[in-house]
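Same order as they appear, the protein sequences are chains A and B.
Letter 71 of the first sequence, counting from 1, is numbered 71 in my numbering, and no numbers are missing.
Letter 313 of the second sequence, counting from 1, is numbered 313 in my numbering, and no numbers are missing.
Please note: incorrect hints may appear among the correct ones.
From the derived model, a few chain A residues whose C-beta atoms are all more than 12 Å from chain B [claimed, not checked]: (1) Asp2; (2) Asn64; (3) Cys77; (4) Met88; (5) Thr90; (6) Tyr132; (7) Arg139.
Each pair of labels, with its calculated beta carbon distance range [what the hints assert, rightly or not]: (8) A:Gly109 to B:Pro322: 42 to 50 Å; (9) B:Gly305 to A:Ile12: 25 to 33 Å; (10) B:Ser249 to A:Val34: 28 to 36 Å.
Bear in mind the hints are in silico, worked out from the structure with no lab data behind them.
Owing to the predicted nature of the structure, the values given are computational and were not obtained by experimental measurement.
Every residue, glycine too, gets a C-beta built ideally from N, C-alpha and C.
Now for the letters of each chain:
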Amino acid sequence: MDFKKTYIGRVIYSLVSLTTGLKTTLIEFFTPKVTEQYPENRKTQHISERHRAMLYMSLDENGNNKCIACGLCANTCPNGTITIKTKMVTDEETGKSKKVLEEYTYDLGCCMFCQLCVNVCPKDAIAFNNKYENAVFDRSKLVIKLNK
Amino acid sequence: MFDFSTITTAIDQFLRDIMPSQAALLVECVLVALCAVLAYVMFAIVMIFMERKVCAAFQCRLGPMRVGPWGLLQVFADVFKMLIKEIISINNSDKVLYNLAPYLVVMSSVLTFCCLPFGEGLLVLDFNIGIFFIMAASSFGVLGILLAGWSSNNKFSMIGAVRSGAQMISYELSIGICLLTIVVMSGTMQISELVEAQRDGWFIFKGHLPAVIAFIIYLIAGNAETNRAPFDLPEAESELTAGFHTEYSGMHFGFFYVAEFMNLFIVAGIASTLFLGGWMPLHISGFDSFNTIMDYIPGVIWFLGKTFFVIWVLMWIRWTFPRLRIDQVVSLEWKYLVPIGLLNLLIMTLCVVMGWIF
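Isolated chain A, as found in the complex (with noise of 0.2 Å):
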């Protein structure tokens, strides 16, 4: 007969296994723990590069943006967070008018942080950021404008 099926045999290997459960448990006790004391670390936390916390437009020193007002960001959103803003602009050179972005309206409270704006700009002129500290007492103050 098989030694492990017999009463002594049971004995032995549960123990054995009990002690390898609470090996793990021992080495677990001793490791540094992984807690985050939130507003104390705030110098210390690592929050991911890709963690998506906000909408912002990349502006160059000057203040100019990528955007083409194509609109695409505002048409594919699911929430309609976005809205924009534009003008026709008349080049003074050439003579043609031209679409250009006056304004870029991005409600962060209405926001579900899911990337299609991004996926979709032509010119990648929006991203998302890890700023993730947006608590704000007026709902008003969550209606941003990315452009300057």
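For this one, chain A is given, so just place chain B on it according to the hints.
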């Protein structure tokens, strides 16, 4: 070793000088009860804090850190919350038994707590059937649990209480056999004599194999006695909400909670008294200078150190293993622990008869 009986005799003498002996006895009883209950509550607070921290460490967390430095005041906050909560009376419950049950549970654990030898002469009750009294006092806690389940008019409570009855009465047997093994070895039931007999070596070393087996069985059965995981069937959260104390709130629930923790302390205290030498320092024969250094550490610290070490081991077990099914609980006791314990008792008797213990 500092003998606490000098202080207690001095107080006794002082009281007898200023009042008749009957009154002195009454005053002494009140004083002792006050000290015992104070110590009980103090240890309960320490234990709850320790449980939270140890549990957190086993789960790779930090535990309470906000209230006070390192969360030291968390337990006091919890106690105040518990104290100001309403004690709800349940419709169609048996009011008398329902209100009596928590007090029975606490009473049994306070009675057992008083028997622990905290140091030389620091013992409330010291008489020739000490161990026997501990067994008797600790086993009527199950009555309170059964009454709590029965009187609260709730199916979950009832099932929890019945499970608890089946489990605690079974495991009482194993504990009894383990204590008996040590009683066979030392030849006495008096707690002070049991500790005194370990002056030249703790029983776990003196009794080698049978004592170690008895110690392991005692830890398993003691864990089951306190209704803690992996034997927490009576209050299995996932099945019975909270088992026998589902309907209790406020301080009545607090009593069950405190009694559970103190039962853990008592189990560990008895384990350290019977197996690890109580308040006796660690003595190794031959190393005289080592023994003298060990003697400088007070007995109370030795006792508490050993007790808290055993508590830590029990918490380690509690946060490692998953809960057993009721049939596994009962078969573990009746098919494994009792036969092995009885065999172990036989081996111990043989060792004592043949003089194989040190």
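For each hint, the structure was consulted:
1. Asp2: Non-interface label on Asp2 (chain A) holds, nearest chain B Cβ at 19 Å vs cutoff 12 Å.
2. Asn64: holds, 47 Å
3. Cys77: Its Cβ never comes within 12 Å of chain B, the nearest being 39 Å, so this holds.
4. Met88: holds, 58 Å
5. Thr90: holds, 62 Å
6. Tyr132: holds, 21 Å
7. Arg139: Non-interface label on Arg139 (chain A) holds, nearest chain B Cβ at 29 Å vs cutoff 12 Å.
8. A:Gly109 to B:Pro322: 42 to 50 Å: holds, 43 Å
9. B:Gly305 to A:Ile12: 25 to 33 Å: holds, 32 Å
10. B:Ser249 to A:Val34: 28 to 36 Å: holds, 34 Å
Checked against the numbered hints listed earlier, the structure breaks none of them; every hint is satisfied.
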